[in-house]
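Engineer: All chains, please: the whole structure from these sequences, using the hints.
Following the numbering used here, the numbering of the sequence shown begins with 1 at its first residue and continues without gaps.
Bear in mind the hints are in silico, worked out from the structure with no lab data behind them. In this text, a Cβ means the ideal position worked out from N, Cα and C, and glycines have one as well.
25 Å max Cα-Cα, derived DSS-like pairs, lysine-lysine:
no., residue 1, residue 2
1, K86, K68
2, K59, K86
3, K29, K59
Label-pair distances were calculated between CB atoms; the ranges are:
no., residue 1, residue 2, range
4, L108, N12, 16 to 24 Å
5, H58, V13, 17 to 25 Å
6, Q102, T75, 31 to 39 Å
7, Q105, Q31, 35 to 43 Å
8, L28, S89, 15 to 23 Å
9, S69, L108, 21 to 29 Å
10, L28, K59, 20 to 28 Å
11, L108, D26, 30 to 38 Å
12, R112, K29, 26 to 34 Å
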Amino acid sequence: MHYNLALIGFGNVARALARLLLRKQDLLKSQYDITFSFTGISTGRHGFAVNPNGLDIHKALELVESKKSISPLSTAQVEDSLAVIKNSSAHVMFENSPVNTQTGQPALEHLRTALELG
Numbered sequence: 001m002h003y004n005l006a007l008i009g010f011g012n013v014a015r016a017l018a019r020l021l022l023r024k025q026d027l028l029k030s031q032y033d034i035t036f037s038f039t040g041i042s043t044g045r046h047g048f049a050v051n052p053n054g055l056d057i058h059k060a061l062e063l064v065e066s067k068k069s070i071s072p073l074s075t076a077q078v079e080d081s082l083a084v085i086k087n088s089s090a091h092v093m094f095e096n097s098p099v100n101t102q103t104g105q106p107a108l109e110h111l112r113t114a115l116e117l118g
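Structural biologist: Below, the structure written as structure tokens:
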């Protein structure tokens with residue numbers, strides 16, 4: 001089974017998750033027949049990127065860690081996290097954005113949007 005993944009928030013936790021999934025990629029394929037592509041990434045400081053056919057996650061990690069924008073990796077113009085969610089064709093969304101503990105935003109809106117899209 002192939003899964004398209006979107007990372008909403010690409011700070012330390014999300015980058016560690018991406019690296020972990022990359023390290024476990026062969027195991028997931030051989031033992032569970034699971035493959036994946038990262039099709040959407042949203043960051044607070046380094047831009048937004050979507051590619052329904054899969055982003056170059058190694059390049060995205062490299063760009064963010066060198067404090068550069070990931071936007072050139074995108075195949076469509078997306079200007080916020082909601083656009084990433086709507087245009088990434090993701091089956092699974094990892095919501096890692098900073099959250100206001102009083103309102104739950106912006107995570108609450110991200111989750112609602114993803115659920116509405118199915």
